[in-house]
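Make the full structure from the sequences, and use the hints.
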Amino acid sequence: MTSLGKRQIHTDALGGALGGDCLDASPAVEIDRMDRGGWYAVMEGFDDANIFQTWDFGRIAHPNRDLSHIVLRRGGQPVAAAQVLVRRVPGIGGIALAMWGPMWRPKGRRPDPAAFQAIMEAMKAEYSVRRGLFLRVLPRVEDGEGEGADALAALDALDMRHSEAKAPYRTFIMDLTRDEATIHKDLSRHWRRGLAKAEGVGLEIVEGSSPEILDAIDDLFIQTQRRKGFRAFDSRTLTQVHRALPDGMKMHAVMASHNGEPVAGVVVSLLGDTALMQNSATAEAGLPLNAAFLVHWKAMQWVKASGGKRYDLHGVNAQANPGVHLFKRGFAGKGEEERVFIGTFESPGPMLSRLLVEGGQTVRTLAATCTAQASHVMAMALNKGQAGRADATPSNPA
Numbered sequence: 006m007t008s009l010g011k012r013q014i015h016t017d018a019l020g021g022a023l024g025g026d027c028l029d030a031s032p033a034v035e036i037d038r039m040d041r042g043g044w045y046a047v048m049e050g051f052d053d054a055n056i057f058q059t060w061d062f063g064r065i066a067h068p069n070r071d072l073s074h075i076v077l078r079r080g081g082q083p084v085a086a087a088q089v090l091v092r093r094v095p096g097i098g099g100i101a102l103a104m105w106g107p108m109w110r111p112k113g114r115r116p117d118p119a120a121f122q123a124i125m126e127a128m129k130a131e132y133s134v135r136r137g138l139f140l141r142v143l144p145r146v147e148d149g150e151g152e153g154a155d156a157l158a159a160l161d162a163l164d165m166r167h168s169e170a171k172a173p174y175r176t177f178i179m180d181l182t183r184d185e186a187t188i189h190k191d192l193s194r195h196w197r198r199g200l201a202k203a204e205g206v207g208l209e210i211v212e213g214s215s216p217e218i219l220d221a222i223d224d225l226f227i228q229t230q231r232r233k234g235f236r237a238f239d240s241r242t243l244t245q246v247h248r249a250l251p252d253g254m255k256m257h258a259v260m261a262s263h264n265g266e267p268v269a270g271v272v273v274s275l276l277g278d279t280a281l282m283q284n285s286a287t288a289e290a291g292l293p294l295n296a297a298f299l300v301h302w303k304a305m306q307w308v309k310a311s312g313g314k315r316y317d318l319h320g321v322n323a324q325a326n327p328g329v330h331l332f333k334r335g336f337a338g339k340g341e342e343e344r345v346f347i348g349t350f351e352s353p354g355p356m357l358s359r360l361l362v363e364g365g366q367t368v369r370t371l372a373a374t375c376t377a378q379a380s381h382v383m384a385m386a387l388n389k390g391q392a393g394r395a396d397a398t399p400s401n402p403a
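Each residue of the sequence shown is one higher than the one before, counting from 6 in our numbering.
Calculated directly from the structure, the hints in this document are not laboratory data. These figures come from a predicted structure and were not determined experimentally. Some hints could be false.
[To be verified] As a list, the in silico DSSO-like pairs of lysine-lysine whose alpha-carbon atoms are at most 30 Å apart: (1) K190 / K202; (2) K339 / K190; (3) K314 / K255; (4) K233 / K339.
Here it is in structure tokens:
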């Protein structure tokens, strides 16, 4: 993987979009002018930093894409930044993807919507216009009043279109500014009972950043996938990312064992002020022990003790997985509602890049539809054949 062409923009054209207390000098946009260490130094200055914006996640989880980094500075200080994953098709175009970016909540400062608009304007100019790529952005911004409304207004002003190809991210987020006694009191009754049982069955807890703990939880995750019959990401990729991350950015794992056998585990990351549940799994032997309740509680305690203000339970879908939805809702606590994020936004770029990306999506969608229809037809034929054989069986004489 290579860093894309080094260049730097100093422009007053963004000045009209920038205002506020911290934005009193001409903005400067830097593109691909830093190495891995420099990027991590920038990330450490943002409360909305997250693992998907890390250099090592981009390099390891997306090895077929190049990394590009764009930073908006004011008075020499970063006020917004994004890691962009770029994939080119020679002679045609390509796609530029910002996962949970840009970051625009500098530590110790109130986020400025003008900075969000300015970095988005710079990203559109660089990736969609200058490089001719299909720009796709998944901002880590909740829908609603305040930041959500400001971000949507900025995206609308830049003619960034909302994508319907992927449903908006939905999750529960725990408020960790409450004291631990209040957090416990606000758990659902089901959750308090489950936790009490888990605390009394003699589970052994081990936690930390040791890769060996994460490896054991990966094994549990594979068992969980087989038991439930679902397909998901390969959690071992995140463990590879974990090994590569700087010590201060490594994830934290909590694992429960019973009679020497791992039965449940959870992995969390804490960058900025909001932790993210990255992976969790429970072995079949851990279900009657309610082991999941204890490891999730322990993980929350670590996040709170480490200075995290919020804990994102990483995605829910009440229709597809009602059991997990109920578990996370009970953990989030009384009065906590499901959070919905603003979704995915795009600047399609030139026609060839647009056809490359949208055509690929259409082919994948068509293939999935055909596969589903073929399975349905085969099932109907099988049922019809079985019914025919039943009809052909001689009946007993009257």
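Now for the hints, and whether the structure bears them out:
This hinted pair checks out: K190 and K202 have alpha carbons roughly 16 Å apart, not beyond 30 Å. Only pairs whose Cα atoms come within 30 Å are accepted, and K339 paired with K190 is accepted, the gap being roughly 9 Å. A C-alpha spacing of about 18 Å is found between K314 and K255, which places the hinted pair at or below 30 Å, so the restraint holds. For a cut-off of 30 Å, the pair hint linking K233 to K339 stands: about 29 Å separates their Cα positions.
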